[in-house]
Structure formats: C-alpha cells, structure tokens
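**Q** Following the hints, position chain B against chain A.
The lines below spell out each chain.
Number of protein chains: 2
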Amino acid sequence: MKLMRSWVESANDPETQFPLNNLPYGVFSVDGDDPRCGVAIGDMILDVAAMEATGLLRIGDDPVLDVPFWNEVMELGPQAWAQLRLMLFGFLVEGAETKGSVAQYLIPQARARLHMPLLVAEYTDFYAGMQHAKNMGAILRGSPDLPANWLHIPIGYNGRASSVVVSGTDIHRPLGQTKAPDAAMPSFGPSKRVDIELEMGAIVGTGSTLGQPITTAEAAEMIFGYVLLNDWSARDIQGWEYQPLGPFQGKAFGTSISPWIVTAAALAPFRCPAPAREVPLLPYLQEKEPGFYNVTLEVLMQPAGAAQASTIARTNYNRVYYSAAQQLTHHAVCGCEMNAGDLLGSGTISGPTKAEFGSLMELSWGGKEPITLDGGETRSFIEDGDRLTLRGHAQGDGYRVGFGDCTGRILPALKMPGWE
Amino acid sequence: MKLMRSWVESANDPETQFPLNNLPYGVFSVDGDDPRCGVAIGDMILDVAAMEATGLLRIGDDPVLDVPFWNEVMELGPQAWAQLRLMLFGFLVEGAETKGSVAQYLIPQARARLHMPLLVAEYTDFYAGMQHAKNMGAILRGSPDLPANWLHIPIGYNGRASSVVVSGTDIHRPLGQTKAPDAAMPSFGPSKRVDIELEMGAIVGTGSTLGQPITTAEAAEMIFGYVLLNDWSARDIQGWEYQPLGPFQGKAFGTSISPWIVTAAALAPFRCPAPAREVPLLPYLQEKEPGFYNVTLEVLMQPAGAAQASTIARTNYNRVYYSAAQQLTHHAVCGCEMNAGDLLGSGTISGPTKAEFGSLMELSWGGKEPITLDGGETRSFIEDGDRLTLRGHAQGDGYRVGFGDCTGRILPALKMPGWE
Chain A
1 MKLMRSWVES ANDPETQFPL NNLPYGVFSV DGDDPRCGVA IGDMILDVAA
51 MEATGLLRIG DDPVLDVPFW NEVMELGPQA WAQLRLMLFG FLVEGAETKG
101 SVAQYLIPQA RARLHMPLLV AEYTDFYAGM QHAKNMGAIL RGSPDLPANW
151 LHIPIGYNGR ASSVVVSGTD IHRPLGQTKA PDAAMPSFGP SKRVDIELEM
201 GAIVGTGSTL GQPITTAEAA EMIFGYVLLN DWSARDIQGW EYQPLGPFQG
251 KAFGTSISPW IVTAAALAPF RCPAPAREVP LLPYLQEKEP GFYNVTLEVL
301 MQPAGAAQAS TIARTNYNRV YYSAAQQLTH HAVCGCEMNA GDLLGSGTIS
351 GPTKAEFGSL MELSWGGKEP ITLDGGETRS FIEDGDRLTL RGHAQGDGYR
401 VGFGDCTGRI LPALKMPGWE
Chain B
421 MKLMRSWVES ANDPETQFPL NNLPYGVFSV DGDDPRCGVA IGDMILDVAA
471 MEATGLLRIG DDPVLDVPFW NEVMELGPQA WAQLRLMLFG FLVEGAETKG
521 SVAQYLIPQA RARLHMPLLV AEYTDFYAGM QHAKNMGAIL RGSPDLPANW
571 LHIPIGYNGR ASSVVVSGTD IHRPLGQTKA PDAAMPSFGP SKRVDIELEM
621 GAIVGTGSTL GQPITTAEAA EMIFGYVLLN DWSARDIQGW EYQPLGPFQG
671 KAFGTSISPW IVTAAALAPF RCPAPAREVP LLPYLQEKEP GFYNVTLEVL
721 MQPAGAAQAS TIARTNYNRV YYSAAQQLTH HAVCGCEMNA GDLLGSGTIS
771 GPTKAEFGSL MELSWGGKEP ITLDGGETRS FIEDGDRLTL RGHAQGDGYR
821 VGFGDCTGRI LPALKMPGWE
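If you read the sequences in order, they're chains A and B. Going by this note's numbering, the first residue of the first sequence is number 1, and it counts up by one from there. Going by this note's numbering, the first residue of the second sequence is number 421, and it counts up by one from there.
Bound conformation, chain A alone (with noise of 0.2 Å):
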C-alpha cells in the first residue's frame, strides 16, 4: 500500500509515524486542561472530542468520546470501528471538502500532554517469543530446551492492571524479598536486577460471556489496536518468587505502553506470515488468516546525563510464534470472559541473534556479559536515572505506522513509611 496523502502536510511526510494510512488513537490535553480523546494526524492531534461535542464527528446513536478513554469506542464493535475510521479519513483526506471545518480542530502534538488511551481492563502477559523463552531457560535453568508445553499452548498469565502506564511515566525501582544461591535466608531491598521487556500489547475491543468458548476467527475480530509495551521486570524478585505459581511482584511495580492505539485496520497492510510450526497446533488454535504483523521494533537505552540514547537492540514483531487472536482464543476458550480493555502483552520479543535480544537480562547473559552503551557506560541492568525507550513501526510504500515511543525512566526506590 502507498501513502494516502492529506492535507496535513505534515502527515505526508515520509518519516512521519502518523500519515493517513495510520489514524491512532490515545488521550491528550492541553495546558493543563481536561483530558480527551485524539486522534494522531502527522504532527497535529485532531480534537475528535471536541467534534463529537459540536455534533461534526458522531459514531452510534450516544456520545462515546465524552470520556478520555477509547473504552467506548471499543464497545461499539468491529463495524463502528470501521466506520469511525472512514469518517475520519474523510475529514483528512487531500481535497476534503470539510477542511474548512475541521482544520480548527488541529491541536500541535508539541503542545499536548498524552495520557492512557485506554482503562486497562485486566492485564495479561504472554510467552510468544521463542528465543526468549529458549534463552531465558539457557540463563535461568541450564538449558535451552523450551517447556514441554511452550509449542503447544501460549502460555501466559494474568498481570495486574493497576501497574499499567502511559509513556513518560517514570517507574519507582521495587523493593522486595530476594535470595542469593548462596545465601541461607532471603533479604529485603530495593530490586538490583531492573529490566525490561520489549512487547507488543493488543487490546481486546469487544468482550466475550463467561463460560462461553470462541474462535480465533472471532479472537481476531475482537482486536481493537495494537500499542508498544514494555514490561518492566525485577528479575531477582522474580527469580525467587516465581516457583511454583509464576511471575507476580516482580511483574507488579509498571508497565508502560505507547500513547498511541494503532488499529488493527491501520496495521493490516502489514500482515505476514505465521512462522512455520515445529508441531501442529491444536485445530482450535489454528489461523485461517495468520494474525502476524512486520513492525520493526527498537530499544534505546540513556544513562542520566548521557548526550544521547544507544540502541541496545533491534528486532521485529514478527518474531513471535503465537498471534494476538491466538492468545486470545487461548484466554477465552475455557470460559473466562473477556472484556473492552483487556490488554494482552506479547511475551518478550527477541530474534535469534544477540543484536535482536528484548531484555537486558539477555543481553547481559544474565548480568555475565554486561553491554556497552556507545558512551562508554556499561550496564547489565538498569541503573537509577536511566531512560529507557521503545521504538516501532511497519514501513509501508514511502510512509511509516508507528505508535510514538513508549519511554519511562527508573527511579530510586521510595522508603517504606517509618523505616530507614
């Protein structure tokens, strides 16, 4: 597909992350003002809040934009969503004839603050990326070799919503109860092994009913957009609670994703296809139409008082071996119900090169082989101060999807009330 141009010029830009083609979605204000819901046009946000408020933008028979979440939108379903997204190519489009009353609607990306674009729901983090999980088994338990189970289900569990962040927050670093191998007790204190995770999250933009099984062919549908998540993990914390019920404070303290929802529409020019199957999926697994996308992805890494950010890796999030709406079936198949607001994290993506690794915890061997930065600093894991970023988009024919960067820095710890 080739870029459809606008009359923002700045939308036409071949480096833009935000031309016509793409049409995300998040939540912004403006000089401290309430926040509302936009919609990303090159580097202006159109005021969709706003137009719905004059009566110029309506989707369904009830305001929906009157709340600065898109939970509302989602509500409405695949048809609303599609209909949402014509109107405003209409109202975008080079030669609109609705310019004149729309233009006043531009809002500078430079002026706006960007907050959640969504209300978390529940938050679910998954396994999808085989090296990850090969590698993290090689660092962790002594072996490559994947959990008898990891090529049949997509394994994941359940997050907790309430760490969810929008970009530009910074994240405390965690206390919690760790144990050296060597140590004969656990001890108390703030995290030493501070990490990320590059993701994707989806979000489930219609739900399902408790009890009731579905399809991936309905998974898919049910998938509003896409946004970049980075999984912030305290991999001492976690490496002493996780056995035997799995990840769970040192997962708890953020997450961050992109300000920006990139629809399933803008993305599916983008579609590739499913990796090859080292065994055959269970049939209710199985995909007509391969849930996978080519996005480039990119971490950056930036010390305090560094000049500039390093690229510390660099991958694509056509590495993961399961698709969103695979996941999904997955979640839902057994009867849990699912709702507008779910997001569901991809699993660390890593490709099989060191270059293409999604965690420090990877790229540092598990702190063995610490990385260089192009400053000169070394790390192995994340220190107080450092930024961290990350970077995505699919390259169309002359333009570029992306979804903003999803960035936080760490912060010290903060004491518990009436301890030293």
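Treat each hint with caution, since some may be false.
What the hints assert, rightly or not - Calculated Cβ distances over 10 Å to all of chain B for the following chain A residues:
| hint | residue |
| --- | --- |
| 1 | P147 |
| 2 | A276 |
| 3 | R314 |
| 4 | K415 |
Unchecked claim - In silico DSBU-like cross-links for lysine-lysine, where the CA-CA straight-line distance does not exceed 35 Å:
| hint | chain 1 | residue 1 | chain 2 | residue 2 |
| --- | --- | --- | --- | --- |
| 5 | A | K179 | B | K554 |
| 6 | B | K835 | B | K599 |
| 7 | A | K134 | B | K554 |
Just so you know, the hints here were simulated from the structure itself, not pulled from any lab data. Source: prediction; values computed, not measured. Note that beta-carbon positions come from the ideal geometry of N, C-alpha and C, so glycine has one too.
**A** Here is chain B on its own, set in the frame of chain A:
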C-alpha cells in the same frame, strides 16, 4: 463477646448467621427490580439504599449507596466504615427509638435475590495453606516438601477478576488443553478434573499508590471485609499449563464468593494468635496485631438428584500461615498499586487430617482414593450437575457470625461455535 440483641427478633436466634453483631453488606433485588445495597439482619435485609435515598441514612458528603455495589463505601475509608457500623447498630439495637421509621425498610431474605456485593477491581489468589501446599507437592511432585520460598513469601499469583461470580451462579465445565502423562501430544476438550478450593477472600477497601510500599499496620487498616471464596479449578488443565508461569486457564472459568461481606470489625472478636513460625519472617511481614481469625469452615457436595448434601470437609480459617494483611503488604510492597475492590483469596485452607482437606484433589489424593458421599455415590472430582457449597461462621458466646452459603453447580461444557 456476647450476643447484642436487636428488635428484629430473628437476629437473636443463636443459630442465625446474621445477628446484630454481624451486619454484613450485600446487594439484593426483589421481584426483578434494580439491585441495591442491603445489610443482613436475622432473616431480613435492611434496604440501606432506600434509607439513603430518603435521607434517613447518610455517610459522608455525597450518596454512596446509590450504586449496586459497596465500592463507594469502601473508598470512604476506615473512619466512615466505623461510623456506618455504629449508625446501623443504633437503628437495629433492641429499644432503638427509630424502630418505627426503620422497620419499613426491612425486606425478607426469602423474597430477595442476591447479587455481587462489589465490583472486583482485580483478583489475586494466594497459597497460604501449609497443609495444602504440602499435599499438592506430595500429589504432583512426589514430595511434601514446601517450595524453598514458601516459609518466607506469602506466595500469590494474579487471577482473573472477570471470572468472579456471586454464590448461586452455576459454572460451565471448562474446555481446555490437557495432556496425559503417557500421551505423545496434548488434546483439547472438557476438563475431566474439575475441583473446588475452599478459601476465604479479603476485600481491599482503600488503595495504595503506585511505587509506594506499605507496612503491615497500613495493610490491616485497608481491609474492608471478608467473604467465603471457592476458586473452582480444572486440575488437568492446570497441570499441563502451569509451568513455568503459573496457573492460568485452569483457574479462569469461575471463582464464587459468598453474597455477604462480613466486615473486619465484625470479625475482630474472633482474632486468634499467629501460627508458630518455622523460620522468622522478614521484618516487613511481621504483624504487631496478628490478622488471623477463628472461623469454622465446611464443604458440602450434593450430586444432581441426591436427597441431601454430604459434608466432605471441615476446617478453620485459622489454619493459614499468612494473614490477609501480610499478603496485602507483600502485594503492595514492590510498589504495586492496590485499589478498592481488590479481592485477595487466602489460598486453599486444609488442616492436618484428611477430614480437613479443602479440595477434592487432596480428599481423593489426586483421584486415587475416591470419596464416598452419604448417598453412596463416589467422587474423585466434580461431575456435571453436582452442587458444591462452602459454609463458614465464627462462633461467639450465644451467637454466630456467618457469610451466607457460597454455592454453585457445575454444568456441562458449552460447545465452541461451529464445532461438533
């Protein structure tokens, strides 16, 4: 403490679960009208939503009982909780001068349908039953040794809030992926090992801030009340999925809670000492005032068509090794934001003898020793049509504090759309 007498005569019956000492919070409807907040007293429900609407009852500045859940009361905090309890006591105590105006707000429980008493924000399930942990180790891993972290960490995992239902809701047998030990490949279909877990649930009433750790004293103040909780489990799905990231779909098809939230204040007279510690707890988990309670618990099973239910287990909430306040502290200490309506399952409560085991997995020892019910039926796990019921009460001097039954039937699995 002795029975406090009410002018509602049925509340003075030593067998009632709802004397004036209790005053638990629920949500009810009559004849299909809108669900609303109520308080159980004897065999009646006090329609506190209507009392607030007419101005007879007011807590705080704004209405909080005009919604069909107790979360808005929770958010007012402990002082308001104490104030409400005193007001209710004043309305219902024997000799109350307001009896004439309050009596019209009493509705027979026999006429009411009970609904979810809260909006569950997020649901976390812990693992605080030591005998249960030992039994599961022995059955699943061939050794009753506790996991290395068990005596140090109140182990927990995030569950699925969307699957939490009120007592009386029937549950469909889940579909899922399982693999027999001798099978080459997994298969897909209805679970053959559906089980219960006898638990108590603690309800978080006031929240914490992302990044900010809390103390056990703060955690104790944050707990609004307690419910009975049955964490329905599919042991065959769980067994195949749970390594390395913990339970997921084997626990996501339903979790039932009792219809009445018994407040922490009502349970306060039943506090009991903490269990002996085999190793000292880290300071952040130590409690000045241990949050353990003497609550007798019972599990009943009734096959479809059976004349009556058989009691299959009897134990006590005081069997747990970690209090809800300790679990909440651990949950939040990494900086995880907690919110009003968060539900914390205690973990399966099992005592040292078979008569006290809180799951069929333990009672039938992994299915190898089926139990025999009073009517002669045998069961290793739950069959379609079986009704399982949890009951619990704290025994005072001439009175009881109860939760109402936590009951549900297992119905046949629903089919995948388009599948045979």
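**Q** Please go over all the hints and tell whether each is borne out by the structure.
**A** Hints versus structure:
1. With a least beta-carbon separation of about 6 Å from chain B, P147(A) fails to lie farther than 10 Å from that chain, contradicting its non-interface assignment.
2. For A276(A), the condition that its CB be more than 10 Å from all CB atoms of chain B holds, with the nearest at approximately 18 Å.
3. With a least CB separation of 26 Å from chain B, R314(A) remains clear of the 10 Å interface cut-off, as annotated.
4. Annotated as non-interface, K415(A) brings its C-beta within 10 Å of a C-beta of chain B; the closest such distance is 8 Å.
5. The straight-line distance between the Cα atoms of K179(A) and K554(B) is roughly 22 Å, inside the 35 Å bound, and the hint therefore holds.
6. As the CA atoms of K835(B) and K599(B) are separated by approximately 20 Å, the hinted pair is consistent with the 35 Å bound.
7. Among the hinted pairs, K134(A) with K554(B) is consistent with the structure: their alpha-carbon atoms are about 31 Å apart, no more than 35 Å.
Violated hints, in rising order: 1 and 4; the structure is consistent with all others.
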